[in-house]
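FYI, full-length UniProt numbering numbers position 247 of the sequence shown as 247, with every residue one higher than the one before it.
No incorrect hints appear here.
FRET-style restraints, in silico, Cβ to Cβ:
(1) A224 - A114: 54 to 62 angstroms
(2) D22 - D168: 16 to 24 angstroms
(3) Q96 - E14: 34 to 42 angstroms
(4) E163 - T107: 23 to 31 angstroms
(5) R229 - F161: 19 to 27 angstroms
Hint data in this document are derived by calculation from the structure and do not stem from the laboratory.
Quick caveat: nothing in here was measured; it's all calculated off a predicted structure.
Where a beta carbon is used, it is the ideal one built from N, C-alpha and C, also for glycine.
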Amino acid sequence: MVEISEDLDAVAEELYAVLPGDFVATRDARVKQARSDGDRELATQIKALRRPNVAAWLVNVLARSDGGLDDLTALSTRLRDAQSRLDGAAMKALGQERGQVVTQLATRAATLGAEADPSYKDSAAAREQVVATLNAAVADPAAEQAVASGRLVNPLSYAGFGEVDLTDAVATPLRSVPEQPASRKTKPRAAQGAARTRDATEKSTEPAEVEPEAEADAEVDEKALAAARQRLTAAERKLAVAEEAFAQARSRRHQARLEVEKARLEVEEIEDA
Numbered sequence: 001m002v003e004i005s006e007d008l009d010a011v012a013e014e015l016y017a018v019l020p021g022d023f024v025a026t027r028d029a030r031v032k033q034a035r036s037d038g039d040r041e042l043a044t045q046i047k048a049l050r051r052p053n054v055a056a057w058l059v060n061v062l063a064r065s066d067g068g069l070d071d072l073t074a075l076s077t078r079l080r081d082a083q084s085r086l087d088g089a090a091m092k093a094l095g096q097e098r099g100q101v102v103t104q105l106a107t108r109a110a111t112l113g114a115e116a117d118p119s120y121k122d123s124a125a126a127r128e129q130v131v132a133t134l135n136a137a138v139a140d141p142a143a144e145q146a147v148a149s150g151r152l153v154n155p156l157s158y159a160g161f162g163e164v165d166l167t168d169a170v171a172t173p174l175r176s177v178p179e180q181p182a183s184r185k186t187k188p189r190a191a192q193g194a195a196r197t198r199d200a201t202e203k204s205t206e207p208a209e210v211e212p213e214a215e216a217d218a219e220v221d222e223k224a225l226a227a228a229r230q231r232l233t234a235a236e237r238k239l240a241v242a243e244e245a246f247a248q249a250r251s252r253r254h255q256a257r258l259e260v261e262k263a264r265l266e267v268e269e270i271e272d273a
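Sequences are here, hints too, so could you generate the full structure?
Structure follows, in structure tokens:
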């Protein structure tokens with residue numbers, strides 16, 4: 001995960017709270033201030049911060065409002081819990097609820113945008129992008145975190161599978177996504193079956209004879225469970241390696257962008273001299 005300085009974090013927090021029409025002027029003022037303070041690196045980093053498009057700004061306004069994303073967060077938690085339990089009925093019901101919640105939040109975002117900026121004109125295109133962004137937040141924890149940051153520069157979209165592409169979507173690096181609480185994790189079915197078998201055995205007051213076939217089935221279940229756990233461990237390791245490579249690639253890309261902005265500032269200084 002790429003870390004940012006407290007100074008840059010403070011400037012970003014200010015910039016993505018201002019109206020789109022004031023963004024560039026405010027950013028340039030902070031760049032000049034950093035340069036006058038002798039912090040050229042900070043000036044370059046601030047200059048690299050991009051103005052959000054209309055839909056991203058609306059989502060930022062919603063995220064920064066009191067309780068703006070509470071309904072979305074609650075829905076996401078319940079939906080992912082249902083998915084982890086493979087509860088088809090709950091997933092279907094929550095899918096329908098998601099449409100209602102997302103539509104209501106998109107309307108609220110447009111209302112908040114109009115209240116914040118009287119010159120804002122609602123449009124179907126912006127609404128569609130806000131809806132797509134909120135749907136992506138429900139589908140992917142990282143996208144949900146990006147939306148909650150209040151620093152989107154571009155809207156998000158979800159194709160229905162895989163992770164949401166956050167490239168060029170957020171102004172500053174995201175903080176780590178917390179792991180799913182253990183209480184929300186479900187046991188493998190084989191483990192659940194074994195647990196039920198143990199409970200039934202413990203509750204029985206009479207010693208029960210175990211049929212040879214039952215012993216064989218239990219042995220097969222344990223072997224299958226052990227093999228599944230090994231595959232899970234291997235898959236988790238591959239995922240960790242891939243995520244680290246992805247983080248490093250984004251860091252190099254971010255650094256390259258800073259170098260471009262630094263070179264551009266140098267050109268501007270020479271031209272102004």
